[in-house]
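Build out the structure end to end from the sequences listed, making use of the hints.
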Amino acid sequence: MSRLRGDRIQNGSTLQADVCIVGAGAAGIALARRLAAQRISVLLMESGVERHDAQVQALYAGEIAKPAVHTPAERYRERRLGGSTTIWGGRCVPFDPIDFESRPWMPGTDWPIDYSELARWYEDANELCEAGEFAYDIRSANLRDSAQPIAGFASASISDDTLERASPPTDFWARYGAGLAASASVTVCDRANCVAFELDADGEQIESARFLTLAGTAFRVQARRFVLCAGGLETARLLLASRGRTPAGLGNVHDHVGRHYMCHIAGTIGEVVVATRAYTGYVTSADGVYCRRRFAIRPEVQRAQGLCNLIARLHFPEPSDPAHRTGFLSAAFLVRNLLSFEYRIRLRPPRSLGVADHFAHLRNLVMDGPRTAVQGLQWIAARRFAHRRLPSVVVEPRVARYRIDFHAEQRPLAASRVTLADGVDPLGLRRLYIDWRYASEDIDDVRRGLLLLQAEFARSGTARFDFDPEGVGDAGLREGAYGGHHLGTARMSARPERGVVDPNGRVHECANLYIAGSAVFPSSSQANPTLTIVALALRLGDHLAHLAKAEA
Amino acid sequence: MRRILVLGASGFIGRSVVARLADAGHEVVLARHRASLARGSSTALIEAVTCDLGNPESLRAALAGVTAVINCAGGDAHTLSAGSVALCDAARATEGVARIVHMSSLAVYGSTDRHVDEDSCPAAEGWYANAKLTAEHALHAFAGGSRDAVILRPGIVYGPDGPQWTRRVAQWLRDGRVGDLGAAGDGRCNMVHVDDVAQATVAALVLPRLDEARVINLPGGDSWTWNRYFRRFSLALRLPRLHSIGPARLAVESHVLAAPLRLGTRLLGTARAERLNWPEAMPPSVLRLFRQSLIVDDSLARAMLHLRWTALADGVAAVARTLR
Numbered sequence: 003m004s005r006l007r008g009d010r011i012q013n014g015s016t017l018q019a020d021v022c023i024v025g026a027g028a029a030g031i032a033l034a035r036r037l038a039a040q041r042i043s044v045l046l047m048e049s050g051v052e053r054h055d056a057q058v059q060a061l062y063a064g065e066i067a068k069p070a071v072h073t074p075a076e077r078y079r080e081r082r083l084g085g086s087t088t089i090w091g092g093r094c095v096p097f098d099p100i101d102f103e104s105r106p107w108m109p110g111t112d113w114p115i116d117y118s119e120l121a122r123w124y125e126d127a128n129e130l131c132e133a134g135e136f137a138y139d140i141r142s143a144n145l146r147d148s149a150q151p152i153a154g155f156a157s158a159s160i161s162d163d164t165l166e167r168a169s170p171p172t173d174f175w176a177r178y179g180a181g182l183a184a185s186a187s188v189t190v191c192d193r194a195n196c197v198a199f200e201l202d203a204d205g206e207q208i209e210s211a212r213f214l215t216l217a218g219t220a221f222r223v224q225a226r227r228f229v230l231c232a233g234g235l236e237t238a239r240l241l242l243a244s245r246g247r248t249p250a251g252l253g254n255v256h257d258h259v260g261r262h263y264m265c266h267i268a269g270t271i272g273e274v275v276v277a278t279r280a281y282t283g284y285v286t287s288a289d290g291v292y293c294r295r296r297f298a299i300r301p302e303v304q305r306a307q308g309l310c311n312l313i314a315r316l317h318f319p320e321p322s323d324p325a326h327r328t329g330f331l332s333a334a335f336l337v338r339n340l341l342s343f344e345y346r347i348r349l350r351p352p353r354s355l356g357v358a359d360h361f362a363h364l365r366n367l368v369m370d371g372p373r374t375a376v377q378g379l380q381w382i383a384a385r386r387f388a389h390r391r392l393p394s395v396v397v398e399p400r401v402a403r404y405r406i407d408f409h410a411e412q413r414p415l416a417a418s419r420v421t422l423a424d425g426v427d428p429l430g431l432r433r434l435y436i437d438w439r440y441a442s443e444d445i446d447d448v449r450r451g452l453l454l455l456q457a458e459f460a461r462s463g464t465a466r467f468d469f470d471p472e473g474v475g476d477a478g479l480r481e482g483a484y485g486g487h488h489l490g491t492a493r494m495s496a497r498p499e500r501g502v503v504d505p506n507g508r509v510h511e512c513a514n515l516y517i518a519g520s521a522v523f524p525s526s527s528q529a530n531p532t533l534t535i536v537a538l539a540l541r542l543g544d545h546l547a548h549l550a551k552a553e554a
Numbered sequence: 003m004r005r006i007l008v009l010g011a012s013g014f015i016g017r018s019v020v021a022r023l024a025d026a027g028h029e030v031v032l033a034r035h036r037a038s039l040a041r042g043s044s045t046a047l048i049e050a051v052t053c054d055l056g057n058p059e060s061l062r063a064a065l066a067g068v069t070a071v072i073n074c075a076g077g078d079a080h081t082l083s084a085g086s087v088a089l090c091d092a093a094r095a096t097e098g099v100a101r102i103v104h105m106s107s108l109a110v111y112g113s114t115d116r117h118v119d120e121d122s123c124p125a126a127e128g129w130y131a132n133a134k135l136t137a138e139h140a141l142h143a144f145a146g147g148s149r150d151a152v153i154l155r156p157g158i159v160y161g162p163d164g165p166q167w168t169r170r171v172a173q174w175l176r177d178g179r180v181g182d183l184g185a186a187g188d189g190r191c192n193m194v195h196v197d198d199v200a201q202a203t204v205a206a207l208v209l210p211r212l213d214e215a216r217v218i219n220l221p222g223g224d225s226w227t228w229n230r231y232f233r234r235f236s237l238a239l240r241l242p243r244l245h246s247i248g249p250a251r252l253a254v255e256s257h258v259l260a261a262p263l264r265l266g267t268r269l270l271g272t273a274r275a276e277r278l279n280w281p282e283a284m285p286p287s288v289l290r291l292f293r294q295s296l297i298v299d300d301s302l303a304r305a306m307l308h309l310r311w312t313a314l315a316d317g318v319a320a321v322a323r324t325l326r
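Same order as they appear, the protein sequences are chains A and B. For the first sequence, the working numbering gives the first residue as 3, with consecutive numbering after it. For the second sequence, the working numbering gives the first residue as 3, with consecutive numbering after it.
No lab work stands behind these hints: they were computed from the structure. One or more hints might be untrue.
Stated by the list, open to error - Result set (DMTMM-like, lysine to aspartate or glutamate): computed pairs, CA atoms no more than 20 Å apart in a straight line:
hint, chain 1, residue 1, chain 2, residue 2
1, A, 68, A, 344
2, A, 68, A, 476
3, A, 551, A, 20
4, A, 68, A, 481
5, A, 551, B, 119
6, A, 551, B, 299
7, A, 68, A, 437
8, A, 68, A, 424
9, A, 551, B, 300
Claimed, not checked - Listed next, with one range per pair, are the computed distances between beta-carbon atoms:
hint, chain 1, residue 1, chain 2, residue 2, range
10, A, 139, B, 250, 33 to 43 Å
11, A, 76, B, 121, 48 to 58 Å
12, B, 176, A, 499, 56 to 66 Å
13, A, 52, B, 250, 16 to 26 Å
14, B, 324, A, 99, 32 to 42 Å
Ideal Cβ placement from N, Cα and C applies to all residues, glycine included.
What follows is the structure, encoded as C-alpha cells:
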C-alpha cells in the first residue's frame with residue numbers, strides 16, 4: 003500500500019524515487035500505470051485530494067486579460083486526484099495525420115513526430131479512456147446503424163464518415179487510483195503542491211522538486227527523472243516560476259514557455275434545414291461505446307485550399323429562441339441558472355429576451371409537455387444514472403431546423419501567452435496572467451470552412467445551411483476560447499530554439515525534466531485533446547522505461 | 003522415431019499435442035481414462051490404451067516400451083496430484099522412460115500481482131494450484147540420473163473447442179455475464195494458444211538431456227487485459243453488444259449465483275448440464291483471475307523451445323470463426 007498525505011510528511015524532509023510525476027490527472031495517472039508495469043519506482047505527487055476542495059482549487063485562480071474571451075483560470079480544470087478527468091465530457095478523437103505535417107498555411111503547427119509514431123499508443127490510450135476499439139471511421143467501428151447525420155449527403159470535399167467516440171467519461175482516479183495505490187512500485191502522495199524545480203550546481207539537471215502544503219510544511223523530492231503533468235496552464239506556471247539557466251524561467255532560454263497558448267475556436271451558428279432526414283444523435287458500437295459521425299474537411303481539400311482543420315456537427319436549435327417549439331429546449335433555457343456553470347454559459351441567450359419570448363417558451367412547455375417529460379426522464383437516466391453516460395444533450399427539435407456546431411483549430415501565436423502575474427497564491431507562488439489571442443485568419447478559415455460546408459450541402463441537395471459569414475467571429479467567441487483545452491505552452495520541437503521540449507517530451511535544456519500533457523502540443527487540431535494527452539503520456543512511459551532498462 | 007505415451011490424450015490440450023506428435027513422426031500411445039474413441043485423425047502411428055492413473059497395473063502396462071511420457075491429464079485435485087505421483091513412481095520403475103513432459107500451470111504463482119520468471123518462488127493458492135504444485139514436486143523427485151523432466155506452465159490456454167477459456171467465455175459473452183468489467187477486468191490474461199502449447203510440448207520432448215526437472219513458463223506473447231480479450235472476442239463473435247458489467251453484478255455472480263450453479267452442474271452431471279445449457283458458475287477464483295496482473299517473462303520459452311507465439315489477435319479471430 004502506498005498512499006502518503008503530503009501534510010503528514012515531516013517538514014524539511016526529502017523523498018526519493020526513480021521517477022517523480024507532478025500531477026495525477028489523465029497524463030500523470032496514465033504514465034504512472036505504464037511505469038509501474040515496468041517496476042519503475044514512481045512518486046505520483048498531487049496537490050488535491052479525492053474530492054473537489056475549494057481551498058485547493060483556489061490555488062488555480064489567476065488573472066485574465068480579456069474575461070470576455072477566456073473563462074476564469076480556476077474553471078474547466080480540477081486540482082485534485084484524477085485532475086480534469088473528474089469533470090471532462092469524455093469526447094475521444096485522435097489527431098489526424100495532416101495535423102503532424104508541415105503546412106505552410108498554418109505556420110508553426112508542425113510536429114517533430116508524425117502520426118504513425120503516435121498511432122502506436124493510441125490504441126492503449128483509447129482503452130484507458132474506456133472508449134473501446136481504436137476505430138474512428140464507420141467502416142472499422144462495427145456500427146449496427148450507420149446513422150448518417152444528413153441522409154444522402156455525399157461530397158468530395160467534406161467527409162461525414164469519421165467518428166468521435168465517447169468515454170463513459172472515465173474519471174482516471176476513480177477508475178485507476180486503487181490499482182495504482184496497490185502497485186508495489188507506486189507511491190501516491192496527495193496534498194502536495196509543487197512550487198519549484200531546483201537545478202543542480204551545473205544547471206544541467208533537476209536535483210529536486212520543492213513541495214509546500216496548505217498545512218504550512220515543506221519538503222523535497224529527489225528523483226532520477228521528473229515529469230511535469232500539471233495541465234496546459236499550470237505546467238507553464240511552474241516552469242516560469244522555477245529558476246532556470248536564465249531568470250526567465252526553467253526551459254525558457256529561447257522564450258517559448260507560456261507562449262503559443264491555444265484553445266479551440268468553437269461555437270454554434272446558422273440554421274440548417276434538412277431536405278432529407280437528419281440524425282443528430284449517437285449510435286452504440288458493437289463494443290458498447292457511443293459514437294457520433296461528424297462533418298470534416300478532407301485533408302486534400304485542406305491542403306489545396308490552405309484551410310485549418312475543422313469539424314462540424316448538426317446541433318439542436320438555439321434554446322433561447324422559442325421558434326424551435328421544443329419543450330425540452332425551452333425547459334433547459336428557463337432553468338439554466340440552476341444548471342452547472344458549463345451548461346449555463348452555453349445557454350446564455352445571444353440577445354436579451356422580452357416577455358413575449360418567455361411566454362412563447364412557456365407555451366412550448368405546455369404544448370410539448372408529454373414529450374418534454376419523457377425526454378427529461380430519459381436525459382436524467384442516460385446522463386446521471388448510466389455507467390456510460392450519453393455524451394451530450396441530444397434533442398430532436400419539433401421543427402426540423404438545426405444549427406451547425408463547429409470545432410476548429412487555431413494558429414499558434416507567440417503573443418497568445420500565459421505569464422506570471424504580480425499577485426501570489428496562499429503558497430506564495432505567483433498567479434497566472436492569461437492573455438489568450440487568436441488570429442483573424444483563424445476566423446477567416448472557419449468562415450471559409452463553413453462556406454464550403456454550405457456549398458456542399460447545397461450541391462448534394464440534401465440540406466440548406468444559412469449563416470451570416472460576418473457572424474462567424476461572434477459565434478466562435480461567444481463563449482470565448484473553448485473551455486478546458488489548454489494547449490501549446492511548452493511546445494514540442496526538434497530544435498531547442500523552436501520550442502520547449504524535444505520529441506520525447508524532455509525539456510531541451512534540462513537532462514532529466516519531462517513534460518506530458520497538452521502543453522507540448524505544437525498544434526491544436528480539430529480534435530479534443532484528452533486522447534492525445536494519454537497517448538503521449540504512454541509513449542513517454544515506454545521511453546522512460548527504455549532508458550531505465552538501458553541504465554540497469 | 004520414439005514411442006510416446008500421452009496421458010489425457012482426449013482432453014483439449016492432449017488432442018492438440020497428439021496431432022502435432024503424429025505430424026512430427028513420433029509413434030504415439032494414447033492413454034485415456036475410459037476407452038472412448040479418439041476424435042480427429044487416426045493414423046497407423048497412433049495406438050490407444052486404456053489407462054487409469056489410480057491403477058498402477060494399467061499404468062505399468064501402458065508404459066511398456068515407451069521412451070517418454072507427456073502428461074496432460076486433467077481432473078480433480080486427487081487425480082492431478084496423486085496421479086502424477088503414481089505416474090512418476092511407475093515411470094521410475096520402468097526401464098526406458100527417459101523423460102516426462104508435464105503440463106503444469108501459471109496458477110502455481112498464486113493470485114497476487116507480480117512479475118515472475120522460472121526462478122520465482124511459486125505461491126500456490128487454492129486446490130488447483132496446490133495440486134499442480136504437488137505434481138511438480140513429484141517431477142523434481144523423478145528427475146535425476148538418466149531421467150529428466152520438463153514442466154510446462156501455460157497460462158490461459160485457448161483454442162478451437164477450448165472448454166473453459168473459449169467456449170465458456172463465448173457463452174458468458176452471449177449471456178451478458180462478462181464484457182467490460184471496468185477495474186475488475188484490468189488483470190493480464192496471459193492467453194496462450196493451444197497450438198503453441200502443443201508445439202512447446204513437442205519441442206520439450208526433443209530437448210537435449212537436462213539432468214533435472216526444468217520449468218518453462220508459457221504465458222503467450224501478448225499482454226492483453228481480460229477486458230481487451232472480452233471486447234475483441236465479442237467483436238470477433240459478431241455479438242450485437244458488449245455489456246458493461248459493474249461491481250454489483252460481479253458480486254452477485256460470485257457470492258450468490260456461483261454456489262447454486264455449481265451445485266446444479268454437479269446434480270445434473272457435466273454432460274447433461276452442457277446439453278441443457280445449464281449456465282456455468284463464475285466463482286470468486288475466476289473473478290480474482292480477471293483482476294490479477296501476473297507479468298511473466300517468456301524469454302526461456304522462446305530461447306529453449308524456439309516458440310513463436312500465435313498473435314492473440316489472429317488466434318482469437320480464428321477461434322471466433324469456428325464458433326460463429
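The hints, checked one at a time:
Proposed proximity of residue 68 (chain A) and residue 344 (chain A) is supported: the alpha carbons are some 19 Å apart, at most 20 Å. For the proposed pair residue 68 (chain A) and residue 476 (chain A), the alpha carbon gap of about 15 Å is at most 20 Å, so the pair holds. Annotation: proposed proximity of residue 551 (chain A) to residue 20 (chain A) holds, straight-line Cα distance about 12 Å (limit 20 Å). Of the pairs offered as hints, the one joining residue 68 (chain A) and residue 481 (chain A) holds, with about 12 Å between alpha carbons and a cut-off of 20 Å not exceeded.
Annotation: proposed proximity of residue 551 (chain A) to residue 119 (chain B) holds, straight-line Cα distance about 17 Å (limit 20 Å). Among the hinted pairs, residue 551 (chain A) with residue 299 (chain B) is consistent with the structure: their alpha-carbon atoms are about 15 Å apart, no more than 20 Å. Of the pairs offered as hints, the one joining residue 68 (chain A) and residue 437 (chain A) holds, with about 7 Å between alpha carbons and a cut-off of 20 Å not exceeded. Distance restraint check for residue 68 (chain A) and residue 424 (chain A): the Cα-Cα separation of roughly 17 Å lies within the 20 Å cut-off, and the hinted pair is therefore satisfied.
The hinted pair formed by residue 551 (chain A) and residue 300 (chain B) meets the criterion: a straight-line CA distance of about 17 Å does not exceed 20 Å. Evaluation of the 33 to 43 Å hint for residue 139 (chain A) and residue 250 (chain B) yields a pass: the beta carbon distance comes to about 35 Å. As the Cβ distance of residue 76 (chain A) to residue 121 (chain B) is approximately 53 Å, the hint placing it in 48 to 58 Å holds. At about 59 Å, the beta-carbon gap between residue 176 (chain B) and residue 499 (chain A) stays in the expected band of 56 to 66 Å.
Checked against the hint of 16 to 26 Å, the C-beta distance between residue 52 (chain A) and residue 250 (chain B) comes to roughly 21 Å, which is consistent with it. Between residue 324 (chain B) and residue 99 (chain A) the beta carbon distance is about 37 Å. The supplied range of 32 to 42 Å therefore holds.
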